[in-house]
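J.: I would like the entire structure built from these sequences, with the hints used as guidance.
Protein chains in written order, with the working numbering: chain A, 1 to 251; chain B, 1 to 251; chain C, 1 to 251; chain D, 1 to 251; chain E, 1 to 251; chain F, 1 to 251; chain G, 1 to 251; chain H, 1 to 251.
Check the hints yourself; a few may be wrong.
[Stated by the list, open to error] No farther apart than 20 Å at their CA atoms in a straight line, the calculated lysine to aspartate or glutamate pairs in the EDC-like style are these:
#: 1; chain 1: D; residue 1: Lys58; chain 2: G; residue 2: Asp210
#: 2; chain 1: D; residue 1: Lys13; chain 2: F; residue 2: Asp11
#: 3; chain 1: B; residue 1: Lys93; chain 2: B; residue 2: Glu64
#: 4; chain 1: D; residue 1: Lys58; chain 2: G; residue 2: Glu102
#: 5; chain 1: F; residue 1: Lys16; chain 2: D; residue 2: Asp11
#: 6; chain 1: D; residue 1: Lys65; chain 2: D; residue 2: Asp96
#: 7; chain 1: C; residue 1: Lys76; chain 2: C; residue 2: Asp96
#: 8; chain 1: C; residue 1: Lys92; chain 2: C; residue 2: Glu61
#: 9; chain 1: H; residue 1: Lys250; chain 2: A; residue 2: Asp115
#: 10; chain 1: C; residue 1: Lys58; chain 2: A; residue 2: Glu102
Calculated directly from the structure, the hints in this document are not laboratory data.
Protein chains: 8
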Amino acid sequence: MDNPVRQLLEDVKNGKVSVDEAVLKLKKKPFEDLDFAKVDLHRGLRQGVAEVIYGASKTPEQIEKILAAMLANGQKRTLITRLGEETCARLKKSFDVEYHPEARIGLTGGMPEPDGNGTVVVVTAGTSDLPVAEEAAVTAQALGNEVIRLYDVGVSGLHRLLSRLDEIMSASVIIAVAGMEGALASVIGGLADCPVIAVPTSVGYGASFDGLAALLAMLNSCSSGVTVVNIDNGFGAGYSAHLINHAEVKK
Amino acid sequence: MDNPVRQLLEDVKNGKVSVDEAVLKLKKKPFEDLDFAKVDLHRGLRQGVAEVIYGASKTPEQIEKILAAMLANGQKRTLITRLGEETCARLKKSFDVEYHPEARIGLTGGMPEPDGNGTVVVVTAGTSDLPVAEEAAVTAQALGNEVIRLYDVGVSGLHRLLSRLDEIMSASVIIAVAGMEGALASVIGGLADCPVIAVPTSVGYGASFDGLAALLAMLNSCSSGVTVVNIDNGFGAGYSAHLINHAEVKK
Amino acid sequence: MDNPVRQLLEDVKNGKVSVDEAVLKLKKKPFEDLDFAKVDLHRGLRQGVAEVIYGASKTPEQIEKILAAMLANGQKRTLITRLGEETCARLKKSFDVEYHPEARIGLTGGMPEPDGNGTVVVVTAGTSDLPVAEEAAVTAQALGNEVIRLYDVGVSGLHRLLSRLDEIMSASVIIAVAGMEGALASVIGGLADCPVIAVPTSVGYGASFDGLAALLAMLNSCSSGVTVVNIDNGFGAGYSAHLINHAEVKK
Amino acid sequence: MDNPVRQLLEDVKNGKVSVDEAVLKLKKKPFEDLDFAKVDLHRGLRQGVAEVIYGASKTPEQIEKILAAMLANGQKRTLITRLGEETCARLKKSFDVEYHPEARIGLTGGMPEPDGNGTVVVVTAGTSDLPVAEEAAVTAQALGNEVIRLYDVGVSGLHRLLSRLDEIMSASVIIAVAGMEGALASVIGGLADCPVIAVPTSVGYGASFDGLAALLAMLNSCSSGVTVVNIDNGFGAGYSAHLINHAEVKK
Amino acid sequence: MDNPVRQLLEDVKNGKVSVDEAVLKLKKKPFEDLDFAKVDLHRGLRQGVAEVIYGASKTPEQIEKILAAMLANGQKRTLITRLGEETCARLKKSFDVEYHPEARIGLTGGMPEPDGNGTVVVVTAGTSDLPVAEEAAVTAQALGNEVIRLYDVGVSGLHRLLSRLDEIMSASVIIAVAGMEGALASVIGGLADCPVIAVPTSVGYGASFDGLAALLAMLNSCSSGVTVVNIDNGFGAGYSAHLINHAEVKK
Amino acid sequence: MDNPVRQLLEDVKNGKVSVDEAVLKLKKKPFEDLDFAKVDLHRGLRQGVAEVIYGASKTPEQIEKILAAMLANGQKRTLITRLGEETCARLKKSFDVEYHPEARIGLTGGMPEPDGNGTVVVVTAGTSDLPVAEEAAVTAQALGNEVIRLYDVGVSGLHRLLSRLDEIMSASVIIAVAGMEGALASVIGGLADCPVIAVPTSVGYGASFDGLAALLAMLNSCSSGVTVVNIDNGFGAGYSAHLINHAEVKK
Amino acid sequence: MDNPVRQLLEDVKNGKVSVDEAVLKLKKKPFEDLDFAKVDLHRGLRQGVAEVIYGASKTPEQIEKILAAMLANGQKRTLITRLGEETCARLKKSFDVEYHPEARIGLTGGMPEPDGNGTVVVVTAGTSDLPVAEEAAVTAQALGNEVIRLYDVGVSGLHRLLSRLDEIMSASVIIAVAGMEGALASVIGGLADCPVIAVPTSVGYGASFDGLAALLAMLNSCSSGVTVVNIDNGFGAGYSAHLINHAEVKK
Amino acid sequence: MDNPVRQLLEDVKNGKVSVDEAVLKLKKKPFEDLDFAKVDLHRGLRQGVAEVIYGASKTPEQIEKILAAMLANGQKRTLITRLGEETCARLKKSFDVEYHPEARIGLTGGMPEPDGNGTVVVVTAGTSDLPVAEEAAVTAQALGNEVIRLYDVGVSGLHRLLSRLDEIMSASVIIAVAGMEGALASVIGGLADCPVIAVPTSVGYGASFDGLAALLAMLNSCSSGVTVVNIDNGFGAGYSAHLINHAEVKK
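T.: This is the structure in structure tokens:
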């Protein structure tokens with residue numbers, strides 16, 4: 001790559017550019033240079049793997065435009081989260097989108113082969129936590145992770161959870177999804193020896209305060225190795241699990 | 001016991017007291033009389049069993065006076081909760097008080113023989129929950145309950161809890177004491193088939209918000225059969241457990 | 001009931017199954033077995049008495065499938081809570097469901113004869129608290145408890161409450177249901193000598209914060225013997241009341 | 001009373017003061033004058049009756065200076081609230097101050113004869129609510145109200161409250177002081193036919209959240225005729241009670 | 001009135017009733033007697049003046065029945081609060097109801113002549129506070145108070161408020177209705193010399209948290225003589241203002 | 001100007017007005033006089049520049065009337081905020097209104113030429129923050145400010161923000177609009193050397209608590225020079241920015 | 001000031017430094033350079049004017065070191081906020097520090113001559129708000145602003161505030177400091193035509209929740225032109241006021 | 001290991017144990033067996049590496065006993081968190097403890113050689129966040145991780161952070177520690193391509209609400225790949241970072 005700073009210095013040396021001009025340019029441009037560097041680095045998702053569109057607050061038109069631009073740009077795989085069924089139906093007219101209704105995720109480019117270090121295990125306390133769990137699971141899959149789902153194994157029937165001890169103990173990362181009192185995260189955290197990402201859900205009523213009870217419980221987990229994401233943030237958990245499951249030896 | 005109302009009626013019948021006088025006395029004193037009647041009814045603590053003094057917001061002088069009055073009144077057993085060691089030392093000069101330092105409870109009249117239907121099992125998540133658990137346990141004992149203590153069996157090491165399954169499954173009432181995320185109550189509630197009284201404690205820091213996290217978790221327990229008392233309210237849990245363990249067939 | 005573990009052991013003893021095979025089966029299935037064992041232990045709801053389906057977050061199809069499976073499994077009585085009238089109408093096409101509209105509970109197998117130790121008294125502050133109170137009352141009835149309803153006896157007209165002192169004083173358990181300031185629980189707690197389960201409701205506006213005011217009030221009750229469940233959790237109160245009212249001498 | 005504005009106008013009329021001078025004085029001093037005028041209007045505390053100094057955030061020196069100025073200004077009676085015992089001892093060296101330790105109020109000029117329309121009844125739930133109740137009671141007395149104290153009549157022992165029905169029903173205003181669940185205000189509000197001012201106190205622990213539980217309960221009172229002041233604001237309740245008890249026919 | 005207690009005592013004296021029987025009756029009935037006494041006393045609203053139905057959580061059928069019963073019972077004036085226009089239209093078919101749409105109040109029996117000590121002044125900060133203010137104003141009018149309305153005089157344009165100083169200064173009670181920051185109550189409290197009842201409204205957005213900001217502000221008012229009711233509780237303010245404006249000399 | 005106080009004094013001197021009458025007038029009128037002075041001063045928006053109607057809680061009829069009155073009064077430019085598209089369509093029948101749909105602002109009198117000291121830069125974190133940002137931007141423009149929009153430059157892609165350093169560093173005022181974690185305000189505050197007005201938006205879900213997270217973050221900004229307005233209060237930010245950008249040398 | 005980047009470029013031009021060396025230096029140090037550059041840009045505090053040390057969480061040793069470094073670096077004026085009296089006494093041994101005890105600010109280099117566009121007016125509701133107000137006032141003064149103090153002019157005595165209308169109306173920026181209900185900000189905002197910075201203080205008790213009530217009130221101010229800083233953040237208000245008062249025409 | 005289940009089956013087969021006895025043992029012991037399995041598995045910290053004692057709520061005696069037991073048990077390395085300096089001094093009398101005062105951690109067995117996949121980078125916003133950051137850093141080091149510290153690089157001076165871009169971009173895990181508005185986590189999350197663990201600290205005042213502001217901000221981070229632990233929970237962050245940095249390929 002041509003180093004623009006070097007070029008500028010050569011120009012200063014050669015008298016093509018005055019010192020004053022060069023000062024101005026250097027003052028104005030350091031961040032631009034940084035900028036170019038950033039494009040490659042800042043997501044860890046290299047071109048051709050997967051780019052994410054957060055669909056929640058976008059109009060169908062906006063999503064269409066962004067998607068079209070990405071595909072035109074050679075993007076192989078795209079993940080559209082918080083995507084309603086109707087909007088997806090509309091997208092399907094122009095794009096080859098695979099829809100995951102429970103996860104509310106649209107995917108272009110198809111599911112990749114898993115290439116992580118191990119498995120991402122997604123555990124839920126109840127059936128109502130399923131949409132959030134699926135957002136996490138499909139996100140992780142679309143980013144190249146093998147996902148095992150253990151659903152409806154909440155702590156009120158501990159035997160259900162204990163019967164799946166094998167999967168829990170052999171996971172690389174566990175995503176523990178629970179509403180109400182969120183106790184699942186602590187129990188999983190006590191059983192597993194890998195990182196646990198706790199996702200509080202807004203499932204519950206009354207003093208669950210739309211997920212606050214589960215959130216606080218998870219933040220106060222007595223088990224080590226548990227970190228927490230926002231209420232109902234399945235995508236965030238899936239994404240972080242992906243990063244952990246794709247950790248490389250960097251020495 | 002002499003019933004003052006009955007005595008008054010006898011006096012009216014015998015002409016010792018005029019109807020007018022009796023009307024006045026009944027009008028003036030019904031609630032006092034009701035009061036004495038209440039002692040029998042409203043607490044389930046019969047004369048000679050145990051009366052409770054909440055020591056937290058009382059001066060040593062006030063406690064001394066109340067205690068002296070109770071003993072003068074023939075009260076056999078007295079329970080003074082939230083009693084500091086110093087105040088107790090002072091009480092010991094005049095009264096025969098047995099002090100339970102962890103529970104911060106003073107007791108006069110000695111521990112009674114247990115006469116409940118079964119055992120009250122007090123379970124704690126960690127060692128820091130001990131003072132609250134002891135307040136519950138000593139309260140229950142002083143009211144005539146056999147108490148089994150299972151301490152430091154929090155869900156981060158599930159095996160500790162599961163190794164005590166026998167006691168949990170044969171309890172009449174369980175008091176589950178936990179701070180931080182309060183998951184213990186839900187796990188116990190899922191294992192036991194008796195009423196569970198959950199006591200959130202103020203143990204924790206940061207987003208435990210002095211017990212709020214545990215309180216909300218317990219109120220949202222996914223396990224049936226769990227009810228909750230105030231943060232750190234060991235006495236309340238012990239008292240309610242006592243009522244449940246002394247339930248009689250009322251048909 | 002045939003105990004599958006016992007059967008396996010008999011088979012080992014009789015040489016029908018080798019020790020290796022038995023080890024494998026026990027290793028593979030302990031939790032399933034435990035699961036069956038649990039049914040007996042953890043709920044106190046014996047086969048043929050009543051099983052509960054929480055209807056709130058389930059689709060009609062899901063409820064139909066679970067119900068069909070239960071009935072096929074020989075379940076005599078089933079309780080479906082938070083069941084909308086329309087969903088129930090749909091269930092009625094295939095099942096013999098008795099609907100309690102105020103309680104929003106569907107019941108199969110009919111109401112049992114009460115077999116508890118005494119009566120469960122359900123008290124409400126106002127008429128708006130009725131749906132929650134009915135959820136508690138019908139739950140308790142369906143689990144085999146005699147229920148007495150004292151509705152609209154809030155503390156703003158104390159005479160209404162005091163006129164029902166007899167029922168209050170002879171109860172085995174009282175469920176006190178109130179929104180707004182939730183004072184009912186404390187007043188009942190001061191009058192009764194049995195366990196009181198307080199149910200805050202979301203009735204109110206402004207600074208009731210959807211039941212928070214009543215919840216906090218009940219948790220801070222100055223009366224002993226009061227425990228609390230989640231806001232609007234009529235089912236939980238009915239279930240705990242049932243456990244208390246069916247307490248057995250376990251000595 | 002000499003009205004400085006009236007005096008100035010008289011002087012203008014009599015030619016003692018020129019119009020120009022008067023314009024200047026009125027322009028320069030209107031707010032001081034208004035200020036003095038205000039004393040008459042906005043507090044209902046006539047010169048010579050009582051002026052209030054809020055002692056909480058003032059240094060002893062500041063209080064001394066203000067008090068000295070007031071007395072120099074002919075103020076007959078002064079009320080210093082939230083006044084510590086030590087600061088009062090210091091004040092006593094220079095001033096004739098009567099100290100009410102429970103109320104933490106210092107008073108100069110002595111207690112006036114009551115001149116209100118009826119009695120102000122101050123009711124407390126427990127003994128811990130006493131300092132707040134005394135602040136209310138002494139404030140009301142110092143402003144010229146007859147005060148009846150009914151202390152420790154909380155709703156956990158309803159008979160204590162009902163035995164004082166006469167005082168409650170004949171009050172002109174009732175100040176209901178309670179911490180914990182604050183149920184007292186609703187019960188009093190249901191019994192009385194006069195305005196009730198509810199004062200939540202910070203008495204309690206855990207989920208009382210320093211008086212929040214009582215505050216919310218009181219704001220949500222199901223009884224009509226109850227208004228609320230800030231947590232622990234005994235002075236405010238006493239002051240408002242005074243205004244109500246000194247209402248005049250203004251037609 | 002025949003005193004049933006006296007009669008019973010006479011019967012005991014005359015031997016018509018045995019002492020045992022009398023004890024039983026006295027134990028069972030004190031609260032009933034109290035009950036009868038209460039009907040007359042507990043609201044201060046004598047038969048023929050005004051009875052209130054809280055319409056918010058009642059079905060049209062329930063309101064119809066209660067109203068019919070009241071009228072049949074000789075009730076002259078009835079106030080139905082939180083009454084929707086449609087429900088009122090339905091009531092009008094059977095009853096002579098006068099509807100106040102802004103206040104959402106239905107009234108039977110017509111407005112009475114004012115008979116209070118002075119005027120109730122209802123002040124609002126903005127036009128959005130009008131429905132709450134009207135609930136307060138119509139309530140006060142229907143209970144027999146002369147009401148002056150000063151609307152849209154919020155503190156952002158202080159001159160609007162100051163131009164109505166006369167009404168403010170001559171009021172017997174002021175009801176200050178404001179949402180957003182609720183500053184109106186403090187400013188009014190500083191100007192007036194009569195009791196001020198502050199009504200926070202849910203008008204606002206964002207950090208007004210549905211009226212919480214105004215509520216807290218009003219509870220912390222730096223002006224003496226201000227008491228507070230629940231958010232949007234116009235009725236409660238009108239009712240309390242009525243009690244204050246009808247205060248009698250009780251000496 | 002004729003000084004009414006001087007006139008009154010002359011009248012007193014000349015005997016045209018009695019002292020009593022003058023006292024009354026002086027008591028009644030100081031605020032009226034103040035009042036007249038105020039009309040001119042209190043907004044800083046002189047007649048003919050721009051007057052604002054807050055449309056949120058007003059009926060179309062109310063807005064029509066206010067607008068008609070303003071125009072009749074010679075008002076050249078009017079800003080109607082929180083104005084729905086339908087209501088605006090209705091207004092357009094009678095008035096010449098220019099509608100800004102994203103900002104939800106209607107404008108009469110057309111956009112003025114910018115006459116401020118410099119530029120107001122409006123920055124948003126994401127596209128969802130756009131409506132609030134537009135409310136701020138259009139408000140500022142309508143009040144006579146040059147506005148530069150830098151949208152969708154949130155901190156998760158710092159290069160986007162840094163690439164616009166020039167505009168940020170040359171702004172007179174910056175309005176930083178962000179939901180979720182609101183970090184934009186701090187980063188902008190660290191880069192800029194002009195006042196920054198932070199506007200938290202309700203964009204987000206779960207623990208954003210409708211903008212509370214962003215609000216708290218902005219209030220705690222570690223960067224100096226940041227002040228905050230209410231959640232979603234684009235108008236307030238635009239208005240304050242206008243005041244700052246029109247600051248004059250007042251020495 | 002010597003610009004190190006310019007110097008480097010000169011050296012490149014003159015051949016003193018090779019292009020390679022210069023590239024390395026620019027790559028290695030851009031942020032240090034930027035850092036120095038930043039001093040000029042990001043604070044608006046020119047070398048020799050004032051640099052700020054936040055003293056709250058620093059040890060005396062840390063403050064000494066930073067201060068020594070600054071002075072060694074030629075810094076003419078330094079502002080140390082949240083500086084305790086004892087720590088300042090220690091600093092005075094080595095440095096020439098002028099201490100402002102109420103503001104808890106230490107200053108080196110002496111107060112500058114005011115050079116802003118106009119006056120910064122600091123207004124407080126009560127005397128308890130003084131320390132926060134002084135932090136704001138001294139900060140503004142030390143940054144070169146003329147400050148007018150209007151203390152203890154809270155809205156409970158509106159005349160006190162109105163008597164200072166002149167100063168309020170001629171201000172360039174107003175800092176309104178108030179605890180309790182924070183109404184002062186709205187009243188000031190309604191009176192003034194310049195930007196108002198509202199500073200909530202933690203003055204108050206009970207439902208003031210350590211300044212939350214005032215904070216919410218100020219955020220919801222009905223007056224335009226009011227922005228808010230953190231509770232007790234006098235420094236932030238003074239700093240923002242300084243920026244506003246030093247606004248330059250940037251066209 | 002001898003498989004106790006196999007032994008039991010052999011005994012059943014051989015008639016040494018009856019079927020009934022075996023059923024009982026199997027019912028009682030499955031969890032015990034699980035228990036033994038757990039010791040090895042549940043922490044991922046193998047004997048000889050590091051065991052953790054949470055020192056916060058333990059007496060010096062308790063810590064001594066636990067530590068002695070661990071060492072006696074052959075534990076090579078022990079980490080005691082939240083350990084006061086005095087308690088550590090006492091421990092040093094009997095044990096070879098290395099104290100890290102900023103981290104408040106005691107360590108026995110010395111620091112291990114790092115053996116993780118890469119580096120753990122600990123970043124703080126300000127100097128006040130240091131103790132929490134050190135708790136995280138020392139924990140990670142003691143568990144065998146290479147740690148890089150980047151302290152005091154908060155977003156108010158973005159250049160400080162950007163100058164350390166290299167370390168940030170080459171990290172395996174980043175721990176972002178920040179109080180106040182917690183913006184650091186989002187900025188780091190936008191720059192890095194590895195998992196980021198955000199630790200809110202209680203640094204701040206006023207509306208930081210002891211770390212709540214930072215906590216909420218971090219949970220709402222607009223950057224992907226950020227998970228959160230409890231306020232001030234440096235240990236938890238260090239522990240989770242360790243798990244991530246020691247991830248193995250498990251395929």
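J.: Each hint: holds or not?
T.: Here is how each hint holds up against the structure:
{"no.": "1", "hint": "Lys58(D) / Asp210(G)", "verdict": "holds (18 Å)"}
{"no.": "2", "hint": "Lys13(D) / Asp11(F)", "verdict": "holds (9 Å)"}
{"no.": "3", "hint": "Lys93(B) / Glu64(B)", "verdict": "holds (10 Å)"}
{"no.": "4", "hint": "Lys58(D) / Glu102(G)", "verdict": "holds (14 Å)"}
{"no.": "5", "hint": "Lys16(F) / Asp11(D)", "verdict": "holds (15 Å)"}
{"no.": "6", "hint": "Lys65(D) / Asp96(D)", "verdict": "holds (15 Å)"}
{"no.": "7", "hint": "Lys76(C) / Asp96(C)", "verdict": "holds (12 Å)"}
{"no.": "8", "hint": "Lys92(C) / Glu61(C)", "verdict": "holds (13 Å)"}
{"no.": "9", "hint": "Lys250(H) / Asp115(A)", "verdict": "holds (12 Å)"}
{"no.": "10", "hint": "Lys58(C) / Glu102(A)", "verdict": "holds (14 Å)"}
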